[in-house]
Amino acid sequence: MAARILVAKPGLDGHDRGAKLVAVALRDAGFEVIYTGIRQLPVDIATIAVQENVDMVGLSILSGAHMALVRKTIIALEEAGGGDIPVVVGGTIPSFDVEPLQELGVRATFPTGSSLTDLVAGVHKVLDQHAAETEGTSWTS
Amino acid sequence: MNDVTTDAGLPVRPVYEADAVDASRIGLPGESPFTRGNFKDGYRHKLWTFRQYSGFGTAEESNERYRYLLSQGGTGLSVALDLPSQCGYDSDDSDVEEEVGKVGVAIDTLADAEILFDGIPLDSISTSFTINGTAAIILAMYVAVGEKQGVPREKLRGTIQNDILKEYTSRGTWIWPPVPSLRLIADTIEFCAAEVPRFNAISVAGAHFRDSGANAAQEMALTLQDGITYCDEVVSRGRMTIDQFAPQISFFFYTHGDFFEEIAKYRAGRRRWAEIVTDRFGAKNPKSAMFRFGVVCGGASLYAPQAQNNRVRVAYEAMASVLGGVQSMFTAAWDEPFALPTEESTTFALRTQQILAYETGVARTVDPLGGSYFVESLTDDMEDRVKAIMADLEAQGGMVKAIESGYVQRLIAEEAYRSQLALEAGERLVVGVNKFADGQPPPDAIGYELDAENRKRQMDRLADVKKRRDDGQVSETLNALGRAARGTDNLMSYLINCVNAYCTVAEMVDVLKSEWGEFEQPRVF
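Protein sequences appear in the order of chains S and D.
Quick note: the first sequence, position 119, residue 119 per our numbering, numbers continuous.
Quick note: the second sequence, position 150, residue 150 per our numbering, numbers continuous.
Some hints here could point you the wrong way.
To be verified - Restraint-style ranges between C-beta atoms, simulated for each label pair:
{"hint": "1", "chain 1": "D", "residue 1": "394", "chain 2": "S", "residue 2": "134", "range": "26 to 34 Å"}
{"hint": "2", "chain 1": "D", "residue 1": "343", "chain 2": "S", "residue 2": "99", "range": "30 to 38 Å"}
{"hint": "3", "chain 1": "S", "residue 1": "71", "chain 2": "D", "residue 2": "362", "range": "30 to 38 Å"}
{"hint": "4", "chain 1": "S", "residue 1": "96", "chain 2": "D", "residue 2": "147", "range": "19 to 27 Å"}
{"hint": "5", "chain 1": "D", "residue 1": "14", "chain 2": "S", "residue 2": "1", "range": "47 to 55 Å"}
{"hint": "6", "chain 1": "S", "residue 1": "133", "chain 2": "D", "residue 2": "14", "range": "53 to 61 Å"}
{"hint": "7", "chain 1": "D", "residue 1": "472", "chain 2": "S", "residue 2": "113", "range": "41 to 49 Å"}
{"hint": "8", "chain 1": "S", "residue 1": "71", "chain 2": "D", "residue 2": "239", "range": "45 to 53 Å"}
{"hint": "9", "chain 1": "S", "residue 1": "71", "chain 2": "D", "residue 2": "472", "range": "38 to 46 Å"}
{"hint": "10", "chain 1": "D", "residue 1": "388", "chain 2": "S", "residue 2": "99", "range": "49 to 57 Å"}
{"hint": "11", "chain 1": "D", "residue 1": "3", "chain 2": "S", "residue 2": "1", "range": "37 to 45 Å"}
{"hint": "12", "chain 1": "S", "residue 1": "96", "chain 2": "D", "residue 2": "438", "range": "16 to 24 Å"}
{"hint": "13", "chain 1": "D", "residue 1": "64", "chain 2": "S", "residue 2": "99", "range": "31 to 39 Å"}
{"hint": "14", "chain 1": "D", "residue 1": "425", "chain 2": "S", "residue 2": "78", "range": "51 to 59 Å"}
What the hints contain is simulated information worked out from the structure, not anything from laboratory work.
In this text the structure is predicted, and so the values were computed from the model without any measurement.
Ideal Cβ positions, reconstructed from N, Cα and C, are used throughout, including at glycine.
Model the full assembly from the supplied sequences, consistent with the hints where possible.
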């Protein structure tokens with residue numbers, strides 16, 4: 001059974017070339033991918049994630065507003081009962097924001113320029129770690 | 001195995017000879033179908049416009065940057081607006097608070113626009129606005145600021161991008177569904193044709209198709225197909241002929257790195273548009289058939305690793321644009337992939353095109369590549385490719401249907417994916433990225449942060465405007481707008497009344513949302 005991944009774009013930034021590249025690459029790698037479309041409110045992303053019972057949420061943010069939007073999304077996920085869903089973030093993420101994002105609970109960051117190969121490997125790693133933590137099955141996609 | 005092609009896949013021969021070219025199709029500059037350029041004397045008497053895109057934070061900060069750019073020899077302004085202003089939210093909306101003033105200047109009411117253009121003579125400077133969803137509102141504000149400066153409408157020069165179709169597929173600042181959005185765009189086109197004759201009511205933009213992944217041929221085809229859709233909308237109302245409004249349509253593209261392909265793209269685009277306007281729409285005025293366009297050199301063709309290399313990329317792209325016959329150019333700063341360009345990097349980018357204009361001699365003769373076996377042949381091949389893509393879009397039921405079904409979005413996403421895989425496989429080479437890479441981490445992306453003081457200034461101004469304005473006038477003009485939206489009147493005069501009553505962007509947008517609803521995006525990839 002393939003892991004389900006929600007590729008989501010919070011905020012008003014409409015640049016979704018990266019989000020779609022990631023969606024296609026994950027699909028080609030065997031994952032089941034749901035794409036929210038652009039301009040989603042964090043609370044709506046959380047609702048979709050819980051309703052669709054996804055195994056991971058990937059946020060794509062290129063507006064520079066990643067700190068505020070990730071914080072809002074993680075809080076919304078907790079409130080929606082999806083606090084255990086691992087969150088990863090891609091986009092224009094400066095290196096000095098990686099640690100603060102991890103402190104918010106982000107499992108991995110994929111800054112602009114990351115290769116799709118590295119991204120797919122990183123997603124596998126996060127899912128495997130999460131599965132080990134929750135003593136579930138290990139995803140092989 | 002040895003197929004050599006351009007980025008868009010057009011075949012390239014090792015050498016070209018006379019038999020590659022149909023000499024009868026080359027023509028002359030200034031003569032329809034304008035393959036060799038719109039004007040018979042090219043740049044000899046008038047160079048292209050040097051127009052650097054800029055805007056951030058509050059109106060005060062952007063106004064200062066504009067004055068600086070003009071003092072350095074810039075000849076036009078290009079206004080970047082923040083995402084709340086582009087998507088129809090006010091700065092005090094808690095859903096969008098983190099985006100205020102971030103990627104452009106925040107405009108809530110006419111009060112902001114008055115400060116933005118303070119001390120800038122709107123009768124002698126032309127202004128381009130990258131604005132789409134709320135374009136009609138921003139146009140209304142520009143007209144109102146002009147009136148306050150004592151500049152009559154007929155003297156205002158500039159462009160609103162006002163191209164909603166590519167927002168649905170690529171750039172994302174849509175608000176209403178396609179049908180009412182096209183109506184509002186047609187209203188602005190009619191209004192400009194009747195009252196603001198030197199202002200381009202629309203800049204049909206391929207640039208964003210390109211930056212979201214389309215290749216050069218797709219970029220041109222999608223743009224021309226959008227242009228047809230807008231003309232259809234205006235013509236079908238029966239209130240204006242093509243010749244009354246087509247001279248105020250302009251176009252906008254990205255120039256990326258494939259030098260000759262870009263030149264061929266612009267030459268083929270001019271020829272195609274002239275034929276469309278003449279044959280399909282029956283234009284008689286040669287000005288209607290002119291394909292006037294602006295470009296950006298930069299965008300997705302720039303990279304963060306070894307970022308100084310971007311200076312060279314931009315210079316080559318600028319030269320390709322000029323050899324392609326551009327009317328207006330923005331050369332991006334080398335640090336754009338990861339930072340809000342500094343005054344220094346912005347100035348250098350402007351200098352790049354000034355050197356091109358004043359030192360290289362490329363502007364001495366018109367269309368210096370005209371008659372080149374290779375360039376003419378590539379122009380013909382590009383035109384054929386563009387025609388084929390346009391025929392496919394027509395077969396999908398036209399642009400609106402192809403967007404609503406997600407067909408265009410998928411076309412672009414597939415091309416973006418193909419290009420990314422080619423980069424990762426080393427089939428497409430980028431110096432400093434997958435060739436001659438040095439392993440150094442690229443510079444960190446640092447966005448502009450509106451500081452607390454400026455945020456407060458923006459909020460205070462909005463609160464102050466709301467307190468001081470005449471509430472009766474606000475509700476009266478908004479109600480009139482809503483009523484007009486239900487009918488077929490041109491909405492521009494209603495919007496100008498709202499703007500002059502200091503209604504906010506979101507108030508006007510929300511009235512129209514309640515009449516028209518919102519766009520439902522296809523979630524395809």
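Right, here's what the structure says about each hint:
no.	hint	verdict
1	D/394 <-> S/134: 26 to 34 Å	violated (52 Å)
2	D/343 <-> S/99: 30 to 38 Å	holds (31 Å)
3	S/71 <-> D/362: 30 to 38 Å	violated (51 Å)
4	S/96 <-> D/147: 19 to 27 Å	violated (47 Å)
5	D/14 <-> S/1: 47 to 55 Å	holds (53 Å)
6	S/133 <-> D/14: 53 to 61 Å	holds (59 Å)
7	D/472 <-> S/113: 41 to 49 Å	violated (55 Å)
8	S/71 <-> D/239: 45 to 53 Å	holds (51 Å)
9	S/71 <-> D/472: 38 to 46 Å	holds (41 Å)
10	D/388 <-> S/99: 49 to 57 Å	holds (51 Å)
11	D/3 <-> S/1: 37 to 45 Å	holds (42 Å)
12	S/96 <-> D/438: 16 to 24 Å	holds (21 Å)
13	D/64 <-> S/99: 31 to 39 Å	holds (35 Å)
14	D/425 <-> S/78: 51 to 59 Å	violated (41 Å)
Of the numbered hints listed earlier, those contradicted by the structure are 1, 3, 4, 7 and 14.
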